[in-house]
Structure formats: structure tokens, C-alpha cells
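Enquirer: Based on these hints, arrange chain V on the given structure of chain A.
If you read the sequences in order, they're chains A and V. Residue numbering for the first sequence follows the working numbering, beginning at 1 and increasing consecutively. Residue numbering for the second sequence follows the working numbering, beginning at 1 and increasing consecutively.
Watch out, some of these pointers could steer you wrong.
[Unchecked claim] Taking CB as the label site, the calculated pair distances span:
#1 134(V) - 162(A): 40 to 48 Å
#2 133(V) - 221(A): 53 to 61 Å
#3 88(V) - 205(A): 56 to 64 Å
#4 127(V) - 161(A): 53 to 61 Å
#5 187(V) - 16(A): 41 to 49 Å
#6 160(A) - 127(V): 58 to 66 Å
#7 36(A) - 110(V): 54 to 62 Å
#8 162(A) - 136(V): 44 to 52 Å
#9 17(A) - 72(V): 55 to 63 Å
#10 110(V) - 16(A): 25 to 33 Å
#11 141(V) - 123(A): 35 to 43 Å
Rather than coming from a laboratory, the hints here were simulated on the basis of the structure. Think of the CB as a built atom: it goes at the ideal place given N, C-alpha and C, for glycine as much as any other residue.
Single-letter residue listing:
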Amino acid sequence: MTILFALIAQSLHRVRKFLLAVGLLLAGFQVVLILQANSIQASSSFAQMGALVPAFARELMGPAFVAFLSFQGIVCLGYFHPVVMGALVSVSLTLATVPVMEIETGFIDLLLARPVARHWIVTRSILVSLISAAYLLAMMALGTWVGLSVFAAKATVWPSAGLIRSMAINLGFLILCWSGIAMAIGCACRRRSSAGAIAGLLALTAYLTDYIGRAWKPADSIAWLSPFRYYTPFDLVMGAALPAKSLYVLGGVAIAAFALAYVLYSRRDISR
Amino acid sequence: MISGSTVISIRGLTKRYGKLVAVNRLDLEVQRGEVFGFLGLNGAGKTTTIRILLDLLRPTSGNASLFGHDCQSDSQNARASVGYLPGEMGIYSDMTGHELLRFLARIGGVGISAKYRGSLTERFELGDRDLSRKLREYSTGMKRKLGLIQAFQADPPLLILDEPTEGLDPLMQESFYELLNDARSRGRTVFMSSHVLPEVERVCDRIAVLRKGEVVLLSSVEDARKLASRRVSVSFRQDVATPASLPHGYEMIDAQPRKWALRVTGQLGSLPAFLAALPVADLAVEEARLEDVLVRYYRDGAA
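Excised from the complex, chain A in its bound form:
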């Protein structure tokens, strides 16, 4: 157990500056969105914005369109904005491909020459991914809370803590799902760049599949394959409860992918 803690501590120590920077950026982004929502609210421009949105976009968002064009909706945008999702998925891919990076650099030779079980390397990376995801989501929630407390006008209606929590949990499961997929891919690759490129391309394809599926009926038939389909921020903003089925699917894929990563890593040759 001491060895596992040492591995986790070393991994977190290595990425501390990177995580700190991403955490601050994400928290800052939440604050900026609140400032923006404040400004739109102050100029009563939500109705004007609604008129500017093309019909297809309204259709795409459905009834959530109304909820989105509000102070609360803009604040919640911080939890499903493509930039935020892209950043979180990128961080998860980066951390999940650490095992293959260690093989590529040869650092793993120093670790596995000692009485370190191979599965501890994968376990360490899973725990580091979990801790990092929890920290980043906490930073986003902190940014939202600080932004609302400090900058929101008194008359505004804040999104409930329950809504923010639901979105963060759903988003957390989505990140975990991509961590698992990236780790499994990484454990089968010889190069981190290959693993990152494959996982990144897969994430982009899955995102576009989900996005197109929402607007184009034929694509909707395969959109269930995309993990992004199981992150439903619009429904949550509309007041729906956190869907347990989505969490089961995302969690199930994550567990299956982590299990596959264990198997692949334990069987592979550790060679550059």
C-alpha cells in the first residue's frame, strides 16, 4: 500500500502545475460566464438574443432553448461549453496515457525492476485520473460559487446547488469514461502520441456523432454509441433529475475500459 501511495504521490506531484493551471482556467471561465450573464441581464438582452438565434438552432435545443437564454442558463453553460468539455477530455486523455508514456521514456524500467506489481501502475493512473477529475470539477464549482457570490446582481435567479452538482456528477462520469477508453488504448500502444491521437480522434468523432444526431434523424440511430449522448445538460437545466441510466452507461463503459487496460498492461511486453 505504501508503494501505491508513493506512486500516486509522485504522479500527482509531476502534474501539479498543469492541474493547477487548468483548474484556475476553468474556474476563471465560470466567473467570466457569470460576468457575461450579468451584463446581458443588466441590458435586458436575453429576448433580443433569442430572436437572433436561427430556427434550426432553436429546434436543436428544443424546449431547453428558453431555459438556456436566461441568467441561469448562461451560468450552466460553463458545464457543457465545448471549450470546457474539450479541456476536460484532453486532461483525462493526458493523464490516462501516462502508463504508455512511461514505457516510451523508459522510466517504467526503474519502477518495474522493483517489487511493483504491474496492476499497481494501472491502479495508480486510475486513481490519479479520479482525483484530478474531482479536483477540476470542484474548481469549476468553486468558480461558479465565487462568481455568483461576488459578481451576480441581487435580482438574478441563481442555478440551484443541486443543478450544479448534477451537471458536475454527469460530467465527471463522462470524463471517467474517456479516461478508461484512453487508458485501454494507451495500454495497447507503443507510443503516447499514437494513443493520444487515436483517443482524441475517437472523442471528436463521438462528440460530432452526438451533435449531428441531435439535428439529423438518420445520424440519431447511431448516436447512442457516443458517450456524449449520456451527458444531458439541457435536460438538467430544464429541471430533469440526474438520469441514473446515463451514469450506469458511462460508469459501465469506464469500468469495462479500465478492466481491459489491466488485462492489456499485464500481458504486454514492456519495451520501447
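Expert: Okay, now just chain V, sitting in the frame of chain A:
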């Protein structure tokens, strides 16, 4: 059956990469307290064998064990008593020397004597100031010294060293040889690969020469040296005729009226009798060089 003093046991070990055979039916045993040299040209299979011992690579067939623990099925226990220096050390350049040594000591699972580690850093002239620097500032030689310190710092019963003196200056090589002697005198076993034949001749008790994944020579350094032919130079006080025949194992390289150069393979016991009737003025016998034998094995695979 592995005897109590057997530290490394390799039986029928084979590793294939598709059609390429990296190691072919390798059999080897290394006994406790030995310094064992593992020799061969690049691509002979030395590093592959070492990586199988550490369970970094999985063999295609055969098995290997360290201290009786199978390197695959019981690899954690097998590796618990090993200090390893990789041929190329992959390190994070943003770590300091201290951080790396502390981290590796923690995951080694055994206590490290600060006194012993201090003696190692002193021996390799890697002071506190050097160890506080980021590894990106280290030279190749400093990284090698750090690699040796991390391998030795837990004072493990078995040291597996892949090209240990690569990148070390002559003074540090001397320090390493002294360290190796100390380790041997304390009963530690050393399994090292090397290209430096004089080094092998100096520090190893036994050697195995690997060629295309197969052992072509397994012997003590002393016995291997006997396989080498020695050059004998003889000067005469007056002109002598070239002999019509030579004793078995003798070869005339250069025959002049007052000077012969001979190559003698095997023992020199017959030399005094051969020269007894001749007006010998001077006699010089060159020491047999292990290098001559090994180079032949590298090339041909057999004597």
C-alpha cells in the same frame, strides 16, 4: 533442480518477435557471490534476457527464476532482491537527483541506509549540491552515476547491470570496479552485460558469450583465457635454421635467422624442450588476452 546457492536460473529461454529470434533456448545458472559477465555484440540478446529476468518482457518459451522465484508467475518476489541499472535510463528531467533516489527507495519496499547511500554518492563524487539539481542539468556521466547509486542503494543481494560503465570517465570506472569488489566480498551476486572486454577480464569470475541469441561460450574467465593463443618471441645468439616441423599447437608467424615469432595455443610446458638445443639469447611470452578469444567467438560462434 535449483541448488541453494543458485541465484539466477534460466532454462530453455526463447524470445521471438515474429520471425526474429532474439533469444534461443538459453540455459544459464549464476551462483551466489559470482560476478557474471554477459557478453555479445549489439542485438545478441543480452538486454532481452535481462528484461525477461525482470518480467519486463515475456518469454515465448522456457523459464527463468531469481532466488528460486519464477520471473513471470512470482515476479514481485523475484524482483524484491534486485538492484537494476538499465542500459538507457529513462528519467524525468524535472526531478532532482535526491527526489529520484528517495522515490525509488520508497517503492523499493526495503529500508535504505543513509550511511551506505552517502558512501555511494561520495564514491561517485555526486555531492549534495549535484543531487539537488534537476536531472535535465545532468551530463551523461552524471546520469550513469545516479543510475549506479539507485541500483546499489538498497544493497540488494543481486545486481543486474546493463553496460554499467558506459559513459563513465576512467576515474569513475575505477570507483565502480572498487564498488564491485566490495559487493563481491560481501557475497553479493552481480550479473552484468558489457562490451568492454578488458573490464570483463578484470572484474568477472565467469562469462557467457551470446551470439544471435545463443550461448556460444560459457566458462570461467581463467578457462576462457587459456583458449587464447600466446605470442612467443625468441631471439638467438647466432643464425638458426627454420624447423621443418613444430610441436602440436605451435605456429610459426615469422621466421628470421636470429629471431622467431611463434603463436602457441594451449600450455607452454613443451616450450623449454623445444628450445633446449637452440642458442637462445632472449625469450618473451605475451600474456594471453581474453579479448582475442572473445572476438573469435563473436565472429564465428566457435573456437
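Enquirer: Hint by hint, say whether it matches the structure.
Expert: Hint by hint, here is what the structure shows:
1. 134(V) - 162(A): 40 to 48 Å: holds, 47 Å
2. 133(V) - 221(A): 53 to 61 Å: For residue 133(V) and residue 221(A) the Cβ distance comes to about 60 Å; the hint holds.
3. 88(V) - 205(A): 56 to 64 Å: violated, 37 Å
4. 127(V) - 161(A): 53 to 61 Å: Holds, at about 55 Å.
5. 187(V) - 16(A): 41 to 49 Å: holds, 43 Å
6. 160(A) - 127(V): 58 to 66 Å: holds, 60 Å
7. 36(A) - 110(V): 54 to 62 Å: This hint holds: roughly 57 Å between Cβ atoms.
8. 162(A) - 136(V): 44 to 52 Å: Distance hint for residue 162(A), residue 136(V) holds at roughly 48 Å.
9. 17(A) - 72(V): 55 to 63 Å: violated, 39 Å
10. 110(V) - 16(A): 25 to 33 Å: Cβ of residue 110(V) to Cβ of residue 16(A): about 28 Å, so the range 25 to 33 Å holds.
11. 141(V) - 123(A): 35 to 43 Å: Since residue 141(V) and residue 123(A) have Cβ atoms about 36 Å apart, the given range 35 to 43 Å holds.
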